[in-house]
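Undergrad: Protein sequence lines, in the order shown, are assigned to chains A and B.
For the first sequence, this note's numbering begins at 1 and goes up steadily by one.
For the second sequence, this note's numbering begins at 1001 and goes up steadily by one.
To be clear, the hints were calculated from the coordinates, so they are not data collected in a lab.
Just so you know, even glycine gets a beta-carbon here, dropped at the ideal spot from N, CA and C.
No false leads were slipped in.
Far from chain B, by Cβ distances over 10 Å, these chain A residues were calculated:
| hint | residue |
| --- | --- |
| 1 | D9 |
| 2 | E104 |
| 3 | L145 |
| 4 | E171 |
| 5 | E184 |
| 6 | R195 |
Each pair of labels, with its calculated beta carbon distance range:
| hint | chain 1 | residue 1 | chain 2 | residue 2 | range |
| --- | --- | --- | --- | --- | --- |
| 7 | B | A1031 | A | H23 | 34 to 44 Å |
| 8 | B | K1116 | A | G180 | 39 to 49 Å |
| 9 | A | T62 | B | Q1229 | 51 to 61 Å |
| 10 | B | E1223 | A | K116 | 48 to 58 Å |
| 11 | B | E1128 | A | R218 | 44 to 54 Å |
| 12 | A | G251 | B | G1159 | 42 to 52 Å |
| 13 | A | G180 | B | S1186 | 11 to 21 Å |
| 14 | B | K1241 | A | G187 | 24 to 34 Å |
| 15 | B | L1221 | A | R218 | 51 to 61 Å |
| 16 | A | Y179 | B | N1232 | 51 to 61 Å |
| 17 | A | Y4 | B | E1223 | 48 to 58 Å |
| 18 | B | S1186 | A | L147 | 15 to 25 Å |
Number of protein chains: 2
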Amino acid sequence: MADYAPPPDHQRLYLEIQYLGTHFQGWQMQAKGERTVQAELHTALSRFAEAHVPVACGRTDTGVHAENMPVHVDVKNLRVPISKLKRALNAHLPEDLSVLKAEEARTGFHARFSCKWRAYRYDLLLCEERRPLYETRALRVPYVLNLKQMEEAAALLIGEHDFRAFATQEERQTRRIIYGCHLEHSGVHLSVHIRGESFLRHQIRAIIGTLLLIGSGRQTLSEFEVLLQGKNRAEAGPNVKPHGLHFLGAGY
Amino acid sequence: MADYAPPPDHQRLYLEIQYLGTHFQGWQMQAKGERTVQAELHTALSRFAEAHVPVACGRTDTGVHAENMPVHVDVKNLRVPISKLKRALNAHLPEDLSVLKAEEARTGFHARFSCKWRAYRYDLLLCEERRPLYETRALRVPYVLNLKQMEEAAALLIGEHDFRAFATQEERQTRRIIYGCHLEHSGVHLSVHIRGESFLRHQIRAIIGTLLLIGSGRQTLSEFEVLLQGKNRAEAGPNVKPHGLHFLGAGY
Chain A
1 MADYAPPPDH QRLYLEIQYL GTHFQGWQMQ AKGERTVQAE LHTALSRFAE AHVPVACGRT
61 DTGVHAENMP VHVDVKNLRV PISKLKRALN AHLPEDLSVL KAEEARTGFH ARFSCKWRAY
121 RYDLLLCEER RPLYETRALR VPYVLNLKQM EEAAALLIGE HDFRAFATQE ERQTRRIIYG
181 CHLEHSGVHL SVHIRGESFL RHQIRAIIGT LLLIGSGRQT LSEFEVLLQG KNRAEAGPNV
241 KPHGLHFLGA GY
Chain B
1001 MADYAPPPDH QRLYLEIQYL GTHFQGWQMQ AKGERTVQAE LHTALSRFAE AHVPVACGRT
1061 DTGVHAENMP VHVDVKNLRV PISKLKRALN AHLPEDLSVL KAEEARTGFH ARFSCKWRAY
1121 RYDLLLCEER RPLYETRALR VPYVLNLKQM EEAAALLIGE HDFRAFATQE ERQTRRIIYG
1181 CHLEHSGVHL SVHIRGESFL RHQIRAIIGT LLLIGSGRQT LSEFEVLLQG KNRAEAGPNV
1241 KPHGLHFLGA GY
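With the rest of the complex left out, here is chain A (with noise of 0.2 Å):
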């Protein structure tokens, strides 16, 4: 625990953030000042304090929406009393990113390395024609899909597995534990839950690109299971697109 305190003078500071994913690119800051999360939630918190870069649980990509995913930052002199921060973050924050809750982390806490769980939702629009209502953050799928298959598959994901075939250009170890995975179902609207300890670079949107290949006949429940057990990445399906993906929350 020790290794997670913040620099000496320093306070760390425990923040729960929503963000709509459309217009960032991405969770990280990048070396050209592309508008990004990070970037913008520094920006304002030195306003109100000498901020360090702010960490996220999990570093979503362009496009990936965030419903609450926690941060923490190491910071000195906070100018605002701790139970204003919020009001005053939120109030030079972009209307797309919000703080939701900021208060003192707790002793030895890291945003990253203390977390046990991820929590993602996955959303797919099952129809041919445009839902203006929905489709900016669903994906849609305008053919047949057997939902059956798909939650059988969806149930072989539980557990640990070596998910090399998901990951895109990935240097960690691929072995991960899923501990839960489902399909929620009603009308045109179908999202698939995906909670685990952690996951490895683009391996959710390759699982669902994978889960939509059993659904449309394409590839079999036991060519699933042979893939988690650490194929190329080729025999898997295709990344889906990013504008479906939501980051629900984490567990400590």
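Fit chain B to the known structure of chain A by using the hints.
TA: Showing chain B alone in chain A's frame:
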């Protein structure tokens, strides 16, 4: 029924459409050529037939959304097979307007006069801070609401009442029947569902404004009951903003 027949040599089409109201000046065509749903739909229909002005089940105001709005339109010399009309229209409609269904109307059908009930939902967000994922389509209420009192008021709305106190610039008689009204609450999300035979101008927005008076303790249930006996507009709550209002669908 004969009055509802299309003109000679015309056929009557039945459409169901969905639209995001944000960038429309409501349903109805305007003299100065403002961007309206009716005008956009008429322009698209005119590519494929000699089309009269389409008739909607309900005429939504600026900023109000429609999940599934029934429409009829009388056309002559339709140049695409009716089975391909939905796709043809969607190829020429803007991103925020879509045809969900297009078919021949049944004999005597009139989108407005044949309608037996209309259902709406008004979405609220119960929180102090911005919620970028939701608030473009829901009204944020930063103060505490007594939901139990609001539920009791919702139940009082059911039945036939004189809704004069909830109407704006209304020349029709003001008695209306509400078949159902209830709240759905989950976390920061509160939706008010209302279903009735037909509604007066701004009636639902004034009802929600008045339910908020009750929820915040500024009006009592007995004052609300008296309002339903045909009081002055000034005695009910203000019209809430239109961006939380969703036309859900209609029954025939």
